[in-house]
Amino acid sequence: MAINLDYIGRTFEPSEPYEVSRVKIREFADAIGEPSPLCRDREAARAAGYPDVIAPPTFAIVISAVSREKVTHDPGLGVNNDMIVHGDLRFSHARPVHAGDVVVAQTTIESIRQVRNMTTLTTVSELRTVDGEHVCTTRSTLVERGA
Amino acid sequence: MASPSYDDVPIGAEIELRQYSVTRSDLVRYAGASGDFNVIHWNERLAKSLGLPDVIAHGMVTMALVGRFVTEWVGDPGAVFELSVRFSSPVVVPDDDKGALVEISGVVSGKLDDRKVSVDITARSDGAKVLTRAQAVVRLAAGPAQGGEPESPLEPP
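Protein chains in written order, with this note's numbering: chain W, 9 to 155; chain X, 81 to 237.
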């Protein structure tokens with residue numbers, strides 16, 4: 009199955025707003041073993057200058073991956089999702105995600121490259137609050153190995 | 081641990097190696113917390129049927145440990161502005177109590193504006209580099225500690 013190069017540069021519909029809760033941040037911090045009280049204790053986070061508890065930097069993937077997966081599962085794009093592995097990933101934060109944020113992710117296909125039987129797909133997901141404040145950009149390169 | 085200050089950290093400063101264990105239990109927990117339920121991260125039978133040696137850790141678990149390594153150095157998860165990796169080799173997680181061992185170290189590679197520094201990171205497991213091109217950009221505290229800033233007001237219970 010060939011990938012559809014017409015999708016290069018396409019920007020997809022924004023995701024449903026994601027409400028970031030203190031419970032979810034603590035759950036994520038616990039799962040990765042992040043010990044910081046700033047992820048758990050609102051007073052400690054406020055004392056450090058944040059409005060509420062903050063998420064570890066890679067938490068943003070929980071929000072952006074949903075948006076990205078919608079793109080890679082778009083039937084018109086022609087990606088074989090069983091053959092995908094992660095290549096590169098970059099988080100660029102304007103600020104940390106914090107409890108109380110309501111975040112929307114919007115994904116653009118930056119590039120599609122084909123080398124022999126491997127296809128690389130680079131997506132950029134912009135995370136903004138529903139008020140339009142930029143929080144984080146995730147840039148992800150996926151590699152699809154040919155069958 | 082005292083947080084490093086921008087003025088005191090030279091280019092080339094090494095951040096001490098830390099070891100992190102990753103068990104099957106950790107992967108199940110990460111799957112639940114992140115919503116990434118790909119079978120290769122918890123089902124040995126299916127992982128092997130797809131040509132893998134065993135269950136492998138989510139790449140995002142490895143990357144999260146890199147984030148943790150950096151935040152444990154700087155003391156503030158909100159100080160990490162950039163975090164980037166290339167996944168070069170999987171972390172294979174055996175079905176035992178010890179799991180896999182991931183060793184992470186770093187070196188300050190550049191001093192940037194706005195009290196930010198870049199840190200080049202090395203992550204290895206079972207003798208292999210599991211990431212390449214791993215780098216973080218973090219903001220450090222200003223100058224040498226003045227002692228005038230209040231500490232967190234929280235008292236231990």
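Hints may be right or wrong, so weigh each one.
Claimed, not checked - Cβ-Cβ distance ranges computed for the label pairs, FRET-style:
no., chain 1, residue 1, chain 2, residue 2, range
1, X, S85, W, L13, 47 to 57 angstroms
2, W, G17, X, K128, 18 to 28 angstroms
3, W, N125, X, G190, 33 to 43 angstroms
4, X, A93, W, G154, 38 to 48 angstroms
5, W, P22, X, E96, 34 to 44 angstroms
6, X, D206, W, E24, 34 to 44 angstroms
7, X, R125, W, A102, 28 to 38 angstroms
Unchecked claim - If you want the footprint, here are the derived chain X segments under chain W, 3+ residues with CB under 8 angstroms:
no., region
8, 98–111
9, 114–124
10, 159–170
11, 196–204
What the hints contain is simulated information worked out from the structure, not anything from laboratory work. Just so you know, even glycine gets a beta-carbon here, dropped at the ideal spot from N, CA and C.
Hints and how they fare:
| no. | hint | result |
| --- | --- | --- |
| 1 | X/S85 <-> W/L13: 47 to 57 angstroms | holds, 49 angstroms |
| 2 | W/G17 <-> X/K128: 18 to 28 angstroms | violated, 39 angstroms |
| 3 | W/N125 <-> X/G190: 33 to 43 angstroms | holds, 38 angstroms |
| 4 | X/A93 <-> W/G154: 38 to 48 angstroms | holds, 44 angstroms |
| 5 | W/P22 <-> X/E96: 34 to 44 angstroms | holds, 42 angstroms |
| 6 | X/D206 <-> W/E24: 34 to 44 angstroms | holds, 40 angstroms |
| 7 | X/R125 <-> W/A102: 28 to 38 angstroms | violated, 43 angstroms |
| 8 | 98–111 | holds (count 4) |
| 9 | 114–124 | holds (count 3) |
| 10 | 159–170 | holds (count 8) |
| 11 | 196–204 | violated (count 0) |
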